[in-house]
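Chemist: Sequence:
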Amino acid sequence: MNTIHALLVTLLVAIGSGFLLVGTIGLLRLPDVYNRLHATSKTTTLGAASLFLAGAVYFGPSEVGGAGLTSLVGIVFLFITAPTGAHVISQAAERMGVGFHGDASWPDDSSDGEQ
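According to the numbering used here, the sequence shown holds residues 425 to 539 in order.
The hints are simulated quantities; they were obtained by calculation from the structure and are not laboratory data.
There is no bait here: all hints are sound.
Pairwise CB distance ranges (calculated):
1. 429 to 451: 31 to 37 Å
2. 435 to 511: 30 to 36 Å
3. 485 to 508: 24 to 30 Å
Ideal placement from N, C-alpha and C gives every residue a C-beta, glycine not left out.
Using the sequences and the hints, build the whole thing.
Modeler: The structure is reproduced here in structure tokens:
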């Protein structure tokens, strides 16, 4: 592994770890389920994708039984499932009557398109 290769892997791991740290802080600090869901779904998706990409760069396409290709497939799977899971959790919270923090309320859908 040459220096640029190692530097790229290190940079991707640092970026991924930073995103995961921000997502964890958001989970602990934000007031309601919707804010927490927004913070964690976005940042952890990017953080985990960066770590998967670091693995793909480190192992390459042909080493260790195709671990690099498996990492890229993992990124695609993550980008499909993480937003879907966050959406389902937010819909379940809405149906259970979980409210927003503060005085925010659900938008009124009955006036869509009317002025």
